[in-house]
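Q: Residues per chain are reported as follows:
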Amino acid sequence: MAQLHVALREGFAGEEVVVSVDGREVFRDRVTTRLQIGLASSFDLDVAEGDREVAVDIGGSEAGGPRTVPVAGQTWVGVSLIRDRAELDWTVSDEPFGYV
Amino acid sequence: MTTLDEPDAPAEDALDLVPIPLDPPILPRLRTVSGLYQRRRWLPWPFARGADGVEGLTPVPDGPVPAPGVPGIPGRPEIPVIPGRPFPPLDPPVLPRPGRSVVEDLRLDVDGRYPQMVASGTIRGWLVGRLHWIADLAPAGPNRWTGTIWYRDGNAALLPHSSVDIKVAGPFPWLRTATVAFTGGAPTATRTYRYESAYHHKVEFEYDCEQGQAATLSVDTHAHPNRPGTLPAENLTLETVYRRAGFDVSRSTGDNIIPSADAGGDTQWSDQEMHDAMQTYWSRFANAAQWSLWVFFARQHVQGSRLGGIMFDDIGPNHRQGTAMFNDSFVSQAPAGDAAPAAWVQRMRFWTAAHEMGHAFNLAHSWQKSLGAPYGTPWLPGLADEPEARSFMNYPYNVSGGQTAFFADFAYRFSDAELLFMRHAPERFVQMGNADWFDHHGFEQADVVAEPALELVVRANRERPEFEFLEPVVLELKLTNSTTRPQLIDTSLLRSADNMTVIVKRQGQAARQFAPFARYCLEPDTVVLHPGESHYAALPVSVGIGGWDLAEPGRYLVQVALQTGDGDVVSEPLLLRVAPPHGYDEEYLAQDVFTEKVGRVLAFDGSRVLDGANDTLHEVAERLGDRRVALHARYALGAPVAAEGKQLRIPEGASRNGSAADGRALGDVGADIVTVKAQPKAAQQDLEAALLASPAVAAETFGHIGYRRRVEAFTEVLAAEGEQQHAAQVQGTLHDTLAERGVLDRVLAELEARQAELRPRAKSRSKGTKGGSRKR
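Chains as they are written, first to last, in my numbering: chain B, 1 to 100; chain H, 1001 to 1776.
Incorrect hints may appear among the rest.
To be verified - Rough simulated footprint, nothing fancy, chain B against chain H, three-plus residues with beta-carbon under 8 Å: (1) 1103-1110; (2) 1299-1311; (3) 1363-1370.
Said to hold, decoys possible - Examples of chain B residues toward chain H, derived with CB under 7 Å: (4) I37; (5) G65; (6) P66; (7) W90; (8) S93; (9) V100.
Treat the hints as calculated values from the structure; they're not laboratory data. Every residue, glycine too, gets a C-beta built ideally from N, C-alpha and C.
So here's chain B without its partners, still in its complex pose:
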């Protein structure tokens, strides 16, 4: 098993966000970015190693969509809403994100 750490970061303003991994809903909440740290919400889950399809749906927005994430060991995924909250920006890292 591997661990996937998902962070919803910049650009969220109270929308309902649904995150699914391989078609299974793993997160649903209304989230707002806390601007002083650039983070809205985060969660961890155990997944099988390999390519996983992570989908993010933003309530009332066309910005959401799926992304294939290669997961090995510990994998960190950061998702931000950018370009006037019209697009998702994905960051995948094998190192944790830091916030200040």
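Once you've looked at the hints, dock chain H against the given chain B.
A: Chain H in isolation, oriented as in the chain B frame:
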């Protein structure tokens, strides 16, 4: 190990103090001219006839109605007049010079560390509003800069000009001035500002540390090999970072070690726990905007080691007062293989502290500068993100090339856009804790002391602040030492209109500034006010030179600002109510009472010459005997005749409006000053009715201070007439009345002492009358 360094002294290089060219050159070495300049001016009351406008600025009170210009005085601006119960037109009054101060700041930013080539200014004054402006500058000669005003926030009418021409003169800071010619859009206005400081604002930091944690307050800039080649080697402190950003940084003496137990059983700090700790341990905590910041060094946040620090204070009404750094977090984990891991950690902790403190100055992250709705509003439209900025406000690991690239170019500074904001944005955008409730406060424009050492309360000596119709409203001022140390205060402050601004605002109407009939030039009377001790003064506010400000039935707000050397001490507003007329007689007599002459007679405790006003007061006493206004009427009738006094006597027909009709001196037309004899019996009847028939009611309506003053005056009259026993009885009534009303023991002791003085004489007189003992 818990460490809190000693405060560092401002280093000269924090300011980059360098010679400036002189015109003409006088001395070889001068310091930079950037910094804060200030001027104070005095604006007249808006309703004082004959007052001058000032340099094209028209005082704009709340809801003014334009009135014609002052007749016969060319160039005088129109003076706004506020509707109310003003007096009818009179002869030109002898005007005192009442008014209020207007403070103008100029921030010049043309040299020194990171010059932005900008000047900004703030004009703030009570009832004139506030304006903040910013101009870009370009050199126009030795010590001279010109530019265009491109930003205004506030009452733009205060400065309609479009350009500035700034010239700095004076070889030494204490002689330095900046003269600014405001041009374009209005007739040129030239103002001269006095140099105050090399910094743009003052700010204070307090560093508190969780037990067992180290506070990172400084960094050796050369300790890590990955750095700009031009970076000076120094032990850089947080204070110096912010001094270079333009702030006069001081450090409070209240550094504390905070028990880890305050973080709860998990020993991780939540935002609420840190807010609680801030309220508990920060020596400067106040629910108010102030240039003061609490900086907390702790082990770990409840979010875990991925959070290196946070400006946690978005709780409650006053945000941005507290920040925190977490040592047990990713900022203490140097990358594997780093050449100097200990130096990396020290630098990262220092960077984090400066970063979180930057949030407290309302700085956004570098990539968030352009964010608008729904998050907020950029202070300037069109602000650009700075995702590659080598600024304290950017994430080192988010730039191209990561943290290695960031620190290779990082000069321990804020970006120019951030410096522009911190130095020149309107103060309320930057100052810690600034909040909406203060913006809408009645004394928004006052030069309010951030941490007042004195508390001012305006109150009525009665259970509820309700006044009968026609009853003169007498309030009480209470000035309290709110610190833990003794203070010297000048008690004449509370009695001098020069130092006090009183606003009376009837519900639904414009605010009016109360102006008493008389101003007194008082010798300073300095006393020691111990912690918690108060000084008191009476405040009659019904009638003054502006008319009867507090007359019509309705609800009123009364608020007082006391100008001290350290700024304005402002009271909370007192809400009071004037009841409707009790009957036809009150409505009918109101027409005669609400006149200037009756107002003057009541304000000065009577008159021997204003016979028409005295007739009105006689009628009030007769027809409204059960009303409180009758007590004031009877006192004003009795007091002037209680003792002999002097009076100007002018032969009939020789005078018009107080001057000899034919232009000669009054003395040349037969006027002279005569002594008028007392009428003790008539006076005694009126004074006893006013003061002693219903002493509790009298104490309420005259106020405790006014009641004491009047009764003691009556006591002296009786004593002078040889009626010692009666005087002692009157003094006893005063004592008992005020004792029942809970006045201070100190006051009661003074009354008892005076009563005791009178009693032996009364006995002595009695013995003398019977047995001739007075002869001994």
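Q: Now tell me, hint by hint, if it's right for this structure.
A: Hints, one by one, checked against the model:
1. 1103-1110: violated (count 0)
2. 1299-1311: holds (count 7)
3. 1363-1370: That given contact holds, which follows from 4 residues of the region 1363-1370 of chain H lying within Cβ reach (below 8 Å) of chain B.
4. I37: holds (6 Å)
5. G65: This hint is violated: G65(B) lies away from chain H, its Cβ roughly 22 Å from the closest one there, beyond 7 Å.
6. P66: Given a least distance of 25 Å, the restraint on P66(B) is violated.
7. W90: Cβ of W90(B) sits 14 Å from chain H, so the hint is violated.
8. S93: violated (10 Å)
9. V100: holds (4 Å)
Checked against the numbered hints given earlier, the structure breaks hints 1, 5, 6, 7 and 8 and satisfies all the rest.
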